[in-house]
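Novice: Here the protein sequences line up with chains A and B, keeping their order. Using our numbering, count along the first sequence one by one with no gaps and you end on 347. Using our numbering, count along the second sequence one by one with no gaps and you end on 1215.
Hints in this document: simulated from the structure, not taken from any laboratory. From the three backbone atoms N, C-alpha and C, an ideal C-beta is built for every residue, glycine too. Mixed in with the good hints, there may be bad ones.
[Unchecked claim] Capping the alpha-carbon separation at 20 Å, the derived lysine to aspartate or glutamate pairs in DMTMM-like fashion look like this:
hint: 1; chain 1: A; residue 1: Lys315; chain 2: B; residue 2: Glu1183
hint: 2; chain 1: B; residue 1: Lys1175; chain 2: B; residue 2: Asp1007
hint: 3; chain 1: A; residue 1: Lys315; chain 2: A; residue 2: Asp338
hint: 4; chain 1: A; residue 1: Lys19; chain 2: A; residue 2: Asp29
hint: 5; chain 1: B; residue 1: Lys1101; chain 2: B; residue 2: Glu1129
hint: 6; chain 1: A; residue 1: Lys346; chain 2: A; residue 2: Asp281
hint: 7; chain 1: A; residue 1: Lys315; chain 2: B; residue 2: Glu1021
hint: 8; chain 1: A; residue 1: Lys278; chain 2: A; residue 2: Glu72
hint: 9; chain 1: B; residue 1: Lys1175; chain 2: B; residue 2: Glu1129
hint: 10; chain 1: A; residue 1: Lys346; chain 2: B; residue 2: Asp1164
hint: 11; chain 1: A; residue 1: Lys346; chain 2: B; residue 2: Asp1204
hint: 12; chain 1: A; residue 1: Lys243; chain 2: A; residue 2: Asp62
[Unchecked claim] Derived Cβ-Cβ restraints for the label pairs, each shown as a range:
hint: 13; chain 1: B; residue 1: Thr1121; chain 2: A; residue 2: Gln13; range: 41 to 47 Å
hint: 14; chain 1: B; residue 1: Arg1031; chain 2: A; residue 2: Gly156; range: 36 to 42 Å
hint: 15; chain 1: B; residue 1: Asp1007; chain 2: A; residue 2: Arg269; range: 55 to 61 Å
hint: 16; chain 1: A; residue 1: Gly21; chain 2: B; residue 2: Pro1124; range: 28 to 34 Å
hint: 17; chain 1: A; residue 1: Ser162; chain 2: B; residue 2: Glu1005; range: 41 to 47 Å
hint: 18; chain 1: A; residue 1: Gln20; chain 2: B; residue 2: Arg1031; range: 42 to 48 Å
hint: 19; chain 1: B; residue 1: Ser1012; chain 2: A; residue 2: Thr12; range: 39 to 45 Å
hint: 20; chain 1: B; residue 1: Glu1177; chain 2: A; residue 2: Thr103; range: 32 to 38 Å
hint: 21; chain 1: A; residue 1: Gln13; chain 2: B; residue 2: Arg1137; range: 43 to 49 Å
hint: 22; chain 1: A; residue 1: Gln35; chain 2: B; residue 2: Gly1133; range: 23 to 29 Å
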Amino acid sequence: MKTHLNTLYVTTQGSYLAKQGLTVQVRIDGKPRAQLPLHNLEGIVCFGRVGCSPALMGACADQGVAISFLTERGRYLASVRGASHGNVLVRRRQYRLADDPSTALDVARRIVLSKVANSRSVLLRAARDAEGAANRVAELQAAANRLSASVHELRGATSLDSIRGLEGEAATHYFGAFNALLSNAPASDTFRFTRRSRRPPLDPINALISFLYTLLLHDARSACEAVGLDPCVGFLHADRPGKPSLALDLMEELRAYVADRLAYSLINRRQVSADGFKLLDNGAIEMTDATRKAVLVAYQERKRDPLTHPFLAEKTVVGMLPHLQALLLVRWIRGDLDAYPPFLWKG
Amino acid sequence: MPYSETDLLPISALQHLLYCERQCALIHVERQWAENRETAQGNILHKKAHGGKSTTRPEGRSLRALPLRSLALGLFGVADVVQCRPGEPPVPVEYKRGRPKKNDCDRVQLCAQALCLEEMTGQPVPLGELFYGKTRRRVAVETSPGLRRVTAEAAARLHELIRDGRTPTAEPGPKCERCSLRELCLPHLGRRGSARSAFDRLLDSVVAAEEENSR
Ligand code: SF4
Chain A
1 MKTHLNTLYV TTQGSYLAKQ GLTVQVRIDG KPRAQLPLHN LEGIVCFGRV GCSPALMGAC
61 ADQGVAISFL TERGRYLASV RGASHGNVLV RRRQYRLADD PSTALDVARR IVLSKVANSR
121 SVLLRAARDA EGAANRVAEL QAAANRLSAS VHELRGATSL DSIRGLEGEA ATHYFGAFNA
181 LLSNAPASDT FRFTRRSRRP PLDPINALIS FLYTLLLHDA RSACEAVGLD PCVGFLHADR
241 PGKPSLALDL MEELRAYVAD RLAYSLINRR QVSADGFKLL DNGAIEMTDA TRKAVLVAYQ
301 ERKRDPLTHP FLAEKTVVGM LPHLQALLLV RWIRGDLDAY PPFLWKG
Chain B
1001 MPYSETDLLP ISALQHLLYC ERQCALIHVE RQWAENRETA QGNILHKKAH GGKSTTRPEG
1061 RSLRALPLRS LALGLFGVAD VVQCRPGEPP VPVEYKRGRP KKNDCDRVQL CAQALCLEEM
1121 TGQPVPLGEL FYGKTRRRVA VETSPGLRRV TAEAAARLHE LIRDGRTPTA EPGPKCERCS
1181 LRELCLPHLG RRGSARSAFD RLLDSVVAAE EENSR
């Protein structure tokens, strides 16, 4: 397991990464600009036109450093992994368990339960922090109460469809209260959330959370691969060619706690601002390069926030969560645990 | 019963096996590997040993990075160095970071190399050498009948473990403190009882605690 949580994000177009001894060298216009020891790295994420030498790819594959290639705007393209990655015995069991309807239902329910419970904890934590702003507190608490009801219903749900339905409803209530998470009365309407839009994001908040989810998904995906699981065969998310269903499953329990909290605190702390977003002709919203970089830095910092893992009862940091959860998943699949315990945040 | 070439397992797995069977399964069955500073340094040391050229001097030849295998034991590997002096049996030399250990790991690994050499050359290999980086000392190791037996048993057990394909549950002990796979292994997981009921309890407490807060 990687205890080093440094991910190298390369956003400068035209950069080239090469192996220099036991380090990665970042070259821009042929000139070395940065050099990092390979064993200090957890992953490398290349945005857009970034090249990578075969020697570096080989060394990374060897040492379990994930390299991913994303478009400049953060859409996933490909990753490099080594021959030893992926373990056929673990994967066989994973497929068997995922194929068994009652097992899949059981896992999916717990994943959604933790997603909803964590969303609820995020709302309630914000309500406590918003003391004095009576309207916001009331709105946050009302939404949290709806989510409590969802938790109760989920506990009795008997089909995957009903679980997915309840998840959808809970998400609507949760995002319905998203504006109440924002503390600074915005001068303009820049940071007003109307509804979740992904493809493409139609407002800055959606652009921001979509980008954070992309980063989190990358981490969840490499965590699955690092422990030998197939990131494309999930329990809650249905299989579809090319869809990283297991990584998406793993991400559900972490979205609110890791990404959403960061999104609204970036806005509240004014670390992102209205001019950091561009409106395209088709109505889609895009982040400027500067905003994207600021978000990457903030995400890296978020990963260093300490916490005690509720199940393992061990001190860790936010960035380790995808790995720890993937490990718990593989430990359940291997038979060390009687069930997979998703992450629950004790707000 | 001799093994076939496709069944061969790495000699290096023997040291994992002797350290902890679960560790061995995590690395060689589950194919998980924790790269830490120590293993990285170990790799550098090996690179150095392997990187040098094989030399021929009047006192004999030093063969570096020599591939080895034994069908009898079902093992393959690479000897850091094999020293061949005229008129003497070949001597495998294995480089180790750190200092001599109390247990048999290093000697067994070396003995496995010696047995491979015997099988490949048809000559007896009565001696091997361990070179320790910390103490910069060479320790001669005799491939005694006892050590050969322990080595053959370890090889057989290794094949059994890999064939079985299951990871044994952890038996946490002092060895876990120094284990590079600790964070992957989570040795105390098995003792934590039911994860299912732990999750239910946790969920209850999260929901209940916050209902209180929201009052
Ligand atoms: S942590 Fe302990 S039980 Fe687990 S692999 Fe290491 S030595 Fe074995």
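Novice: It remains to establish, for every hint, whether it holds in the given structure.
Specialist: Right, here's what the structure says about each hint:
1. Restraint check for Lys315 of chain A and Glu1183 of chain B: satisfied, since their Cα atoms lie roughly 12 Å apart, inside the 20 Å limit.
2. As the CA atoms of Lys1175 of chain B and Asp1007 of chain B are separated by approximately 30 Å, the hinted pair breaks the 20 Å bound.
3. Distance check on the hinted pair: Lys315 of chain A and Asp338 of chain A sit about 23 Å apart at the alpha-carbon level, beyond 20 Å; violated.
4. Proposed proximity of Lys19 of chain A and Asp29 of chain A is supported: the alpha carbons are some 16 Å apart, at most 20 Å.
5. Restraint check: the Cα-Cα separation between Lys1101 of chain B and Glu1129 of chain B comes to about 14 Å, which is no more than 20 Å; the hinted pair holds.
6. For the given pair, Lys346 of chain A sits about 43 Å from Asp281 of chain A by alpha-carbon distance, which is inconsistent with the 20 Å threshold.
7. At most 20 Å may separate the alpha-carbon atoms for a hinted pair to count; Lys315 of chain A and Glu1021 of chain B exceed this at roughly 27 Å.
8. Proposed proximity of Lys278 of chain A and Glu72 of chain A is supported: the alpha carbons are some 15 Å apart, at most 20 Å.
9. Distance hint between Lys1175 of chain B and Glu1129 of chain B is unfulfilled; the C-alpha atoms sit about 25 Å from each other, more than 20 Å.
10. This hinted pair does not check out: Lys346 of chain A and Asp1164 of chain B have alpha carbons roughly 40 Å apart, beyond 20 Å.
11. Distance restraint check for Lys346 of chain A and Asp1204 of chain B: the Cα-Cα separation of roughly 11 Å lies within the 20 Å cut-off, and the hinted pair is therefore satisfied.
12. Pair hint Lys243 of chain A plus Asp62 of chain A does not hold up; C-alpha atoms about 25 Å apart against a cutoff of 20 Å.
13. Distance hint check for Thr1121 of chain B and Gln13 of chain A: the Cβ-Cβ separation is about 58 Å, which falls outside the suggested range of 41 to 47 Å.
14. Separation of Arg1031 of chain B from Gly156 of chain A is about 40 Å and conforms to the stated range, judged on CB atoms against 36 to 42 Å.
15. Here the CB-CB span from Asp1007 of chain B to Arg269 of chain A is close to 60 Å, well matched to the stated 55 to 61 Å.
16. Between Gly21 of chain A and Pro1124 of chain B, the C-beta spacing of about 41 Å breaks the proposed range 28 to 34 Å.
17. About 54 Å separates the C-beta atoms of Ser162 of chain A and Glu1005 of chain B, a value inconsistent with the hinted range of 41 to 47 Å.
18. For the hinted restraint 42 to 48 Å between Gln20 of chain A and Arg1031 of chain B, the CB-CB distance of approximately 28 Å leaves it violated.
19. Distance hint for Ser1012 of chain B and Thr12 of chain A: a CB-CB separation of about 40 Å, consistent with the stated range 39 to 45 Å.
20. A hinted range of 32 to 38 Å holds for the C-beta pair Glu1177 of chain B and Thr103 of chain A, which are about 36 Å apart.
21. The hinted range of 43 to 49 Å is not satisfied by Gln13 of chain A and Arg1137 of chain B, whose Cβ atoms lie roughly 54 Å apart.
22. At about 26 Å, the beta-carbon gap between Gln35 of chain A and Gly1133 of chain B stays in the expected band of 23 to 29 Å.
Of the numbered hints listed earlier, those contradicted by the structure are 2, 3, 6, 7, 9, 10, 12, 13, 16, 17, 18, 21.
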